[in-house]
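Asker: Input sequences plus hints: build the corresponding full structure.
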Amino acid sequence: MEYNFREIEKKWQKRWVDQKTYKVTEDPERPKFYVLNMFPYPSGAGLHVGHPLGYIASDIYARYKRQQGFNVLNPMGYDAYGLPAEQYAIKTGQHPAITTEQNINHYREQLDKIGFSFDWNREVRTCDPAYYHWTQWAFECMFDSYFDTELNKAQPIDELVRHFEEHGTAGVHAAQSDESVNFTAEEWLAMDEAEQSRTLMNYRIAYKGETMVNWCAGLGTVLANDEVVEGVSVRGGFPVVQKKMSQWCLRVSAYAQRLLDGLDTVQWSDSITETQKNWIGRSEGAEVEFKIQNSKFKITIFTTRADTMFGVTFMVLAPESEYVAQVTTPGQQTEVNEYLDYVKKRTELDRMSDRKVTGVFSGSYAINPLTGEPIPIWISEYVLAGYGTGAIMAVPAHDSRDHAFAKHFGLPIIPLIEEADVEEESFDAKEGIVVNSPAEGKQSLDGFSLNGLTVKEAIEATKRFVTEKGIGRVKVNFRIRDAIFSRQRYWGEPFPVYYDNGIPRMIPEDCLPVELPEIKEYKPTETGEPPLGRAEKWAWDTVARKVVENARIDQTTVFPIDLYTMPGFAGSSAYYLRYMDPHDDQALLCQSAGEYWRNVDLYVGGTEHATGHLIYSRFWNKFLFDQGVSCEEEPFQKLINQGMIQGRSNFVYRVNELSTSDKPVFVSHNLREDYKDVTPIHVWVGLVKNDVLNVDEFRKWSPEYEHAEFILEDGKYVCGWAIEKMSKSMYNVVNPDDIVHDYGADTLRLYEMFLGPVEASKPWDTNGIDGCFRFLKKFWSLFWDNRSGQFLVDDADPGRESLKSLHKLIKKVTADIEAFSYNTSISAFMICVNELGQQKCHSREILQTLVTLIAPFTPHIAEELWQQLGQEGTVCDARWPECDESYLVESEIQMTVSFNGKARYQKMFPASAANADIEQATLADERSTKFLDGRQIVKVIVVPKKIINIVVK
1 MEYNFREIEK KWQKRWVDQK TYKVTEDPER PKFYVLNMFP YPSGAGLHVG
51 HPLGYIASDI YARYKRQQGF NVLNPMGYDA YGLPAEQYAI KTGQHPAITT
101 EQNINHYREQ LDKIGFSFDW NREVRTCDPA YYHWTQWAFE CMFDSYFDTE
151 LNKAQPIDEL VRHFEEHGTA GVHAAQSDES VNFTAEEWLA MDEAEQSRTL
201 MNYRIAYKGE TMVNWCAGLG TVLANDEVVE GVSVRGGFPV VQKKMSQWCL
251 RVSAYAQRLL DGLDTVQWSD SITETQKNWI GRSEGAEVEF KIQNSKFKIT
301 IFTTRADTMF GVTFMVLAPE SEYVAQVTTP GQQTEVNEYL DYVKKRTELD
351 RMSDRKVTGV FSGSYAINPL TGEPIPIWIS EYVLAGYGTG AIMAVPAHDS
401 RDHAFAKHFG LPIIPLIEEA DVEEESFDAK EGIVVNSPAE GKQSLDGFSL
451 NGLTVKEAIE ATKRFVTEKG IGRVKVNFRI RDAIFSRQRY WGEPFPVYYD
501 NGIPRMIPED CLPVELPEIK EYKPTETGEP PLGRAEKWAW DTVARKVVEN
551 ARIDQTTVFP IDLYTMPGFA GSSAYYLRYM DPHDDQALLC QSAGEYWRNV
601 DLYVGGTEHA TGHLIYSRFW NKFLFDQGVS CEEEPFQKLI NQGMIQGRSN
651 FVYRVNELST SDKPVFVSHN LREDYKDVTP IHVWVGLVKN DVLNVDEFRK
701 WSPEYEHAEF ILEDGKYVCG WAIEKMSKSM YNVVNPDDIV HDYGADTLRL
751 YEMFLGPVEA SKPWDTNGID GCFRFLKKFW SLFWDNRSGQ FLVDDADPGR
801 ESLKSLHKLI KKVTADIEAF SYNTSISAFM ICVNELGQQK CHSREILQTL
851 VTLIAPFTPH IAEELWQQLG QEGTVCDARW PECDESYLVE SEIQMTVSFN
901 GKARYQKMFP ASAANADIEQ ATLADERSTK FLDGRQIVKV IVVPKKIINI
951 VVK
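Each residue of the sequence shown is one higher than the last, beginning at 1 in UniProt numbering.
Rather than coming from a laboratory, the hints here were simulated on the basis of the structure. This one's a predicted model, so the numbers in the text were calculated from it and none came from an experiment. Warning: the hint list may mix true and false statements.
[Unchecked claim] Simulated restraints, written as ranges between beta carbons of each label pair: (1) ASN786 with ASP884: 50 to 60 Å; (2) ARG545 with GLU7: 53 to 63 Å; (3) ASP795 with LYS23: 28 to 38 Å; (4) GLU101 with THR184: 52 to 62 Å; (5) GLY237 with VAL357: 19 to 29 Å.
[As the list claims (entries may be wrong)] Each computed DSS-like pair below joins lysine-lysine, with the alpha-carbon atoms no more than 25 Å apart: (6) LYS902 with LYS953; (7) LYS907 with LYS808; (8) LYS811 with LYS840; (9) LYS243 with LYS153; (10) LYS475 with LYS291; (11) LYS638 with LYS356.
Using N, Cα and C, we set each Cβ at its ideal position, and we do this for glycine too.
Answerer: Shown next, in the form of structure tokens:
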């Protein structure tokens with residue numbers, strides 16, 4: 001009986017569905033294990049072979065844990081909102097829901113072919129109102145909460161309001177946008193409702209505020225940083241500018257310390273942990289006030305090195321800073337405006353990564369609070385508004401970017417540390433003595449000096465001084481900023497917000513979800529409103545408690561609904577919780593399901609989400625933890641980042657000097673150096689086998705190549721190749737459907753894991769997949785004789801060598817799965833199958849255990865053989881075998897016998913044999929007599945378990 005993978009895989013995929021093999025329910029009698037993949041956005045292009053890499057890795061682990069007796073939750077769903085579907089809708093007029101549904105169906109079909117153990121009964125889609133009901137609910141909870149900095153958790157906003165009514169801001173411990181806000185209880189009570197609403201936005205966890213955004217007019221929406229490259233949108237290549245807009249925001253910054261502390265409790269890679277720590281960016285320092293010369297205004301800066309103020313020679317403002325308008329003099333206004341226009345076209349990522357020096361003088365000076373000296377105030381893009389106060393004091397002697405700026409614009413540089421090298425960032429690296437404080441010829445404030453202090457002493461002394469003098473305060477600062485939560489798009493979660501004469505109010509919780517309305521066009525309105533501005537039925541009737549026609553808006557009982565939608569990360573920030581309880585229409589997560597599943601034990605996904613999704617979902621989970629919804633502070637206990645499968649691109653070489661528009665000429669790879677003007681062109685990898693081009697199919701591939709001519713080598717056209725990112729534009733995308741059709745899903749699963757470590761990026765080479773396919777056929781041949789059709793499995797007792805091979809494999813595979821070293825597991829399988837084949841082992845005891853071991857990797861063939869072995873039920877529930885170390889104890893050892901260091905033959909010895917016995921048996925061997933040939937033995941050297949070297953003369 002031959003290995004017919006097509007029939008086997010089709011059979012078992014149907015049976016898994018019919019028997020609900022992967023359906024999971026809470027079972028208090030078994031320990032839980034929650035495996036999760038970062039769920040996909042269902043693009044129209046479908047999956048390529050790089051996409052399933054992480055899914056296969058997590059599926060192997062999920063199956064392995066199930067066989068260990070765990071109750072495994074392994075769900076899947078779709079991040080179904082997004083800009084691509086909306087842009088397709090704008091182009092074609094087709095509703096994004098239709099496109100998304102088609103794409104999801106395609107994805108589901110592809111995923112099912114690969115044989116994943118997903119519980120599809122728990123599928124979620126972010127575009128489903130039953131799902132985003134709970135995204136809207138979470139948003140309303142954030143709107144109705146503030147962060148108590150003393151309790152270090154979210155609290156109801158009503159409690160803050162009561163405090164304001166009784167005490168004003170006195171004694172308030174709340175995270176806020178503007179710390180300068182102060183009022184008495186009387187002043188609070190005297191405010192009208194609109195003013196109170198605006199004031200509370202300073203404290204709400206979900207709030208509306210003015211913030212700088214990446215505005216793309218071509219797409220009519222705000223973009224995230226990762227959606228912008230070199231000043232244009234990734235999708236469409238439209239210009240992107242920095243613009244201040246009123247946006248919904250989430251106060252992620254309030255959770256900064258908890259986000260930082262939580263990293264010590266999870267099992268994440270050092271690189272991801274460090275990335276998050278840097279993104280959160282905790283720094284301890286001081287806020288210090290610099291007076292503006294001849295002005296009532298002051299500029300507040302944050303610095304971790306207040307002791308360096310003696311070396312401050314200028315100040316720099318972020319272009320977005322509110323201080324810019326205060327300090328720009330009339331004579332500098334034109335230059336400043338031109339510079340601000342330039343910066344608007346630069347994203348923050350561009351500004352952080354680009355080291356070129358740009359800036360403009362404001363025309364004003366500030367007063368150094370320690371020396372009393374005036375210093376110029378400049379504006380430059382290397383200072384970002386979101387960190388600190390958006391203003392810095394520049395110490396060019398001891399900061400590389402300040403130094404570059406000072407050198408470029410000819411500003412003074414004052415070293416502060418003995419033997420400091422101003423060309424390097426030496427200050428932070430030294431524990432040296434401050435010897436130049438204050439600068440020669442200058443008068444210090446109240447005679448304050450740092451001379452003779454170490455750097456650490458100087459830092460503490462300066463912090464005490466500025467605090468005592470009232471010119472500053474000690475402060476902990478974080479780089480992380482609040483999340484911009486608005487998008488000017490159609491295809492996203494609607495905000496459950498209506499506006500009562502400008503005051504934002506939440507639509508009642510029991511009226512959720514507020515569903516996305518129908519509109520005729522999916523682009524912004526002619527007046528610049530978001531696409532929801534086109535909705536004809538998008539008003540909230542507070543009496544009827546439902547969405548009604550806009551024509552009924554009267555600002556008395558019927559009010560307009562928010563025209564923005566939520567960003568992509570809204571739906572992905574708590575989906576792991578919804579998987580625990582996906583059909584509950586009364587709560588995001590019921591208490592019993594939450595307490596059982598608690599959090600994700602293993603999360604698998606890409607490193608590209610380190611500073612986006614992973615930050616936001618951790619914040620979201622911590623907020624819900626404060627609400628008593630999530631049961632653990634950290635959502636993802638262990639994180640594995642899968643690498644990227646790269647494509648193997650192929651090239652043909654166009655000889656420009658010989659080509660015409662209707663008859664291009666291509667030269668074979670190894671002959672291209674014979675021509676002066678040759679252009680490499682990507683060619684679809686499906687036209688190439690072993691780097692040889694099918695020239696006839698190439699001519700059919702594109703009309704422009706119909707009459708192509710080829711300069712061949714040895715009668716064939718050899719293509720060049722390179723390892724690149726898989727991309728449709730490079731024609732190197734491999735469809736997993738094709739691999740499954742030609743080789744089977746089990747071969748695809750095996751090969752993707754065999755390519756290399758899960759976390760590493762590695763090139764795809766279809767030419768190498770044959771080896772995994774041959775292995776599965778060899779595995780099958782342990783059970784079946786393909787020629788006679790005979791089932792070979794017998795009930796004979798296994799030999800010790802076969803037991804040794806098996807238990808060696810059990811030990812290796814168990815350890816490798818735990819370490820996610822699947823590629824070495826597969827190598828071990830290949831070695832074991834070869835050994836069992838050589839041993840002609842067909843023992844049921846051995847082969848049945850072998851099937852249970854390979855089941856997580858290749859479930860289809862394992863299920864088929866499990867059934868043929870007479871087993872009932874699914875191999876998914878076969879108990880994972882344990883290694884018996886006694887079979888791994890060597891009874892014999894093989895050693896090499898050498899003469900004068902030259903290996904001559906190998907000989908077996910009892911593992912317990914003493915060196916003297918080994919020497920005696922070796923000299924008695926007739927092969928030794930031959931190599932001695934009557935020569936005198938000088939000595940015999942025995943290296944235990946390795947070699948015997950006989951030295952002769």
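Asker: Next, verify each hint and record whether it holds.
Answerer: Do the hints match the structure? See the list:
no.	hint	in the structure
1	ASN786 with ASP884: 50 to 60 Å	violated, 32 Å
2	ARG545 with GLU7: 53 to 63 Å	holds, 57 Å
3	ASP795 with LYS23: 28 to 38 Å	holds, 35 Å
4	GLU101 with THR184: 52 to 62 Å	holds, 57 Å
5	GLY237 with VAL357: 19 to 29 Å	holds, 28 Å
6	LYS902 with LYS953	holds, 14 Å
7	LYS907 with LYS808	holds, 23 Å
8	LYS811 with LYS840	holds, 22 Å
9	LYS243 with LYS153	violated, 32 Å
10	LYS475 with LYS291	holds, 20 Å
11	LYS638 with LYS356	violated, 40 Å
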